[in-house]
Structures are given as C-alpha cells and as structure tokens.
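In the order they appear, the protein sequences are chains A and B.
For the first sequence, this note's numbering assigns the number 1 to the initial residue and increments by one for each residue that follows.
For the second sequence, this note's numbering assigns the number 1001 to the initial residue and increments by one for each residue that follows.
What the hints contain is simulated information worked out from the structure, not anything from laboratory work.
Values in this document were obtained by computation on a predicted structure and should not be read as measured data.
Hints may be right or wrong, so weigh each one.
[Stated by the list, open to error] Sample of chain A residues with no beta-carbon within 10 Å of chain B, all distances over it, derived:
#	residue
1	VAL4
2	LEU14
3	VAL28
[To be verified] Derived coverage of chain A by chain B (criterion: at least 3 residues anywhere in the stretch with Cβ under 8 Å from a Cβ of chain B; other residues may be distant):
#	stretch
4	16-25
5	59-71
6	83-90
[To be verified] With beta-carbon atoms standing in for the labels, derived distance ranges:
#	chain 1	residue 1	chain 2	residue 2	range
7	B	GLY1485	A	GLY82	35 to 45 Å
8	B	PHE1060	A	ARG29	26 to 36 Å
9	B	TYR1489	A	ARG89	37 to 47 Å
Virtual Cβ for every residue (Gly too), placed ideally from N, Cα, C.
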Amino acid sequence: MIAVIIPMEQGLLLAAMLFLIGLAGVLVRRNILVILMSLEIMLNACGLAFITVGAHWAIADGQVMFMLILSIAAAEVAVGLGLLLQAHRRLGSLDIDQAGRMQG
Amino acid sequence: MTTGLTGTDLLALSPFITLTGVILVLMMAIAFARHLGLTCLIAALGLLVTLANILWVAIFVDPQLVTPLIIVDPYALLFSGLIVIASFFICLLAYNYHQQRGGHQEEFTLLLLLATLGGVTLAHSAHFGSFILGLELLGISLYAMISYPTQGLLSLEAALKYLILSGVSSAFILFGIAFLFATTGTLSFAEMADANINPTAVQGGVQGGVQGSVQGSESLRLYMLIGGSMILAGVGFKLSLVPFHMWTPDVYEGAPAPTTAFLATVSKGGIFAVLLRFFVSVDGYQYQTILDGLFWVALLSIFLGNLLAVMQSNIKRLLAYSSIAHLGYLMVAFLAAAEIGGRQLAIEASLVFLIAYFTTTVGAFGVVCIMSRKLAARDTDQLPDYEGLFWNRPLLAAFFAAMLLSLAGIPLTLGFIGKFYIFAVAVDSELWALLVAVIIGSAIGLFYYLRVIFTMTKRSSVTEGIAIPKAGGWSLVAVTLILIGLGVYPAPVIEWVSAIARTIS
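Put together the whole structure using the sequences plus the hints.
Here it is as structure tokens:
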C-alpha cells in the first residue's frame, strides 16, 4: 500500500475555507435553520483541522478532540433546534430579524 | 503518561465527584417528585457539601496534576470555591424568583448545577480538552437557562442570540486551538509552554514528529499568533470585552434575573481563570502584537462600557454595560502581568478584583430577582420601577445601594479594595494610559450608580407591594455582610490570595 500523505498546510487551508464559508453563512443568512447549519459547518471545519494536525503529529489527541467537537456540536444543535421550534411557534417565523425587540 | 487513577487522584478529584453525585441525586428527585422547595434544598445543601469538599482538598491534598487534563492547585480551588459560593446564593435567589411562577421550574436548578460543574471544570483545566469540555458544559446549560421562562419573547430572543454568537465564538476558540496544536503538537498547557519557550525542540518533534512542515521559528510565531488571536477573540466574546460586546445588554435584559447573575459571574470568572492560567504558563505575554491588541480592548471596554451605561433606563442593561467596564478594569490587571517583576502583584490584583466583582454582581442581580417575583412578560428592571424603594422597603434599598456603591468603588466596600488594586498594579507596571482610563471610567460610573440610588429615594408608591422572601433575603444579608466585612477588614483575604498568586506566577 502506498500511503498518500497530505501536507498539513493543505488540510488546514481546506479547514480554514470551510470555516470561512460557515462564518459567511452565519453572518449573511437570515433564516435561523440555515444559521444553525452554518454553525455546524464552522464546528466541523474545526474538527477537520484537528484531524489533519493529529495526523501530522501522529498522535491520537486530534481524533479525541474531533470526537469532543462532534458531541459538542450535537448538543449545541439539539438545544438550538429546541429554540428554533419555540421561535417558530411564538414568532411565527424563522427570520432572525423578527427577533429584534431589544434596542442597544 | 499516567496509567489509571490512584487513590490520591480520586481524593483530589472529589469535589467533581461530589458535585456530579448531587446532580444525579437531583435528577432522580425531580423524576420522582416535582417539588420546587425540595429541589432547591437538595441543590443548596449539595453545593455546601461541595464547598466543604473543596476546602478539605485545599487543606489536605497536595497540589497535583490529575491525568493531563485536570490540575488541582490552590488557584483552581480558589476559583471553584468562588463559583460554588456564587451558585449557592443564586440557587436560593432562583428559588424565590420561581416560587410564584408555577409551571415546571425544577429543571432550572438542575441546569444551574450542570453549569456550575462546567465552571469548576474550567477553573481546573490544564489542557485544551478539559477547557472545551468545561466551556461547552457551561455554555449549553446557559442557553437553556436563558430561554427558561415561557412568558414573553425577550428570553427566547436572548437565547437565540446567545446560542448563535456563543457557537461562533466557540468555533473561533477551537480553530485557534487547532493552530496552536499544529505548532506545538500538544494540547496540554504545560507541554505547550515548553514548546513555546524552546521552539527548536518542536522542529525535532517533541512526539518524535513527522516531516517538520512548520519550519523556522518565524512561521512558528506566526501560527502561534494567529491561533492566539483567534482564541482571544472567542474568549473576548465570552467575557464581553468591547469589540465583541454587542450581545451583552440584550442577553442580560432578556434572560431571567438569576440566569443573568450566573452569566455575569460564574461564566466570566471561569473563563478568566483559564485565560490567566494559560497566558502565564505559556508566557503568551511575549507576543507584543497580542499585548497591543489587548491594550485597546481594555481601553475601549472601559470607555464604551461606562459611556453607554449612562444612557440606560433599564437596570439590567445598566449592569450589563457596567460589567463590560468592569471586565475592562480586569484586563488592566491582566495586562499588568506582562512583566515578570509585576506578575505576582497583578495576579493578586485580578483575584481580589474578581472576588469583589462576584460578590457585588450576585448581590445586585439578587435585588433584581427579589423585585421580579411576579409572573410577568419581563422582569422588574425599568428604572422607574424602583422609585420609592427607600421609603417602602428600606432594607432592600440599603442592600442595593451597598452593591451599587461597591460597583462604584466607594471605600468600606469590597469593590473599593478591588478598584484600589487595579490602580496599584497600573501604577506598578506603568500603564499610564490605562490608569487614566480607569480613573475617568470610575468617575463616569459614579454618576450612573448614584442616579439609581437617587431614583430609589423618590417618594412614590410603585414599590409598595414588594415582599422580601426568606431565602433570598438572608442570601442578600450574607452577601452584604461579606461585602462590607471584607471591605472594612480585607487583610485575611489579601494574605490568602497573595499566597495563591505566589504559587501560580
């Protein structure tokens, strides 16, 4: 078997691109569901970064962190979806701009 | 690497085990009998037992690293003690807050304990794994605590805002950690410190590394800088420092008062504990760019926080802006730790300041909790709602006045001691610009805190129906006694804190 080694920089670059796509989604989109999805993309980009770095140093810490991130993202989304249902029921819309009653 | 846990490890970890045990007992109790009083009693007693356990560990167990993840030392134990005490008082206040609301209010206490466990984990973390675990345990419990009330839309909006922004900041922190991990090949603070102080060791590979793709200490420093900045951006959000402060007033206003008290104290204190430990152990202070950035963050937090607080007519928003300013003061002490010579004093200052901040904030939001016991779409947090409090409920008004004077830094309160320490370290480390900012900020602060006190002295019948409940009332008495007692005679605490600062610097 030939081991294909992907340089760490390229892996990190891909992760950074995913991260930026997620960030752009959070900033630009107005639908709460899509914002939660973009948040997932950001967290998973972090996971990818950890996998890449862990593979580079040949230690398991990266994968352990990935598992942690996976469970954190799941917990975050579980609460997020609960709030989303509440928002849909009480605001009658999933538009984040509807949630703007407080003034700075 | 350690293999398995020994008996002493378990003893050192006993506060965690106790707190987790209390959470399990509480969960079962709620499952079998829904009773708000019983739930809060179990939680409050459990927190007291945990506090006793922390004291026991502090006295009898030697400082040690338990697995690479958790460190048990006086610094961590001080923070977990503070967090547990704050949660204890908030638990009692939350009981009174929820008493007349009906519905299912028991789980709030459960979430409070889970978030406390997160805060304690943060205080003890010596590894990025436990840091993230504590951070998210705290954060995710907080989302639910913020959105707990089923009346009104404010809390729902606040929770949505906090969820999204907190998620983004966690992602920033994680990506920053990935960068540090890429440079040093480790996630533990201590090993990272070795790699940071002696970069050549990394290129050979601490872990018998593979192709050294991170070459030269220049690109190493760049990676560290990017990673460090991303982590600081995320942490700055959680501490509500200025460029990242936008969420603070909205979330403070929308969240129920006990949650706000918790968010303002435990969440910020726990995260600051990790930040300071990480920076001191890794010597993040060697990066001038980061120091310059933090200088502006501190300066802007003090000015903007105080200036915007002047314009508020809502107590919770006012306290939110004032907490932004207070975190700015705290960052002055954090920056003063940059020089090795002044580090011990600076750490001592930030610990004393945090103790004062915890006490005062719990007390101030405690008064808001007691004022807002009626079931309504929003808490009693408008300034006119407090008119006549001095004449109708003099005791409650006196507590609130004591808290506000402490926030303003008037002598004979704990807030003065904290503020005095900030002045002292700013002079000691010659941070003149920040010293001027702290002085101007305190002057502006005096104005808006006194305005609240004047509002309470107006003759009015608005506040006539307010009753002071037992649990919350006695908590406020205790907090006020701590506030004034330690403000008049701070020597024992200062001695103790300075001994702790010596161990960490």
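Results of checking the hints against the structure:
no.	hint	result
1	VAL4	holds (14 Å)
2	LEU14	holds (12 Å)
3	VAL28	holds (13 Å)
4	16-25	holds (count 4)
5	59-71	holds (count 7)
6	83-90	holds (count 4)
7	GLY1485(B) x GLY82(A): 35 to 45 Å	holds (43 Å)
8	PHE1060(B) x ARG29(A): 26 to 36 Å	violated (55 Å)
9	TYR1489(B) x ARG89(A): 37 to 47 Å	violated (54 Å)
Consistency with the previously given hints fails for numbers 8 and 9, ordered from lowest to highest.
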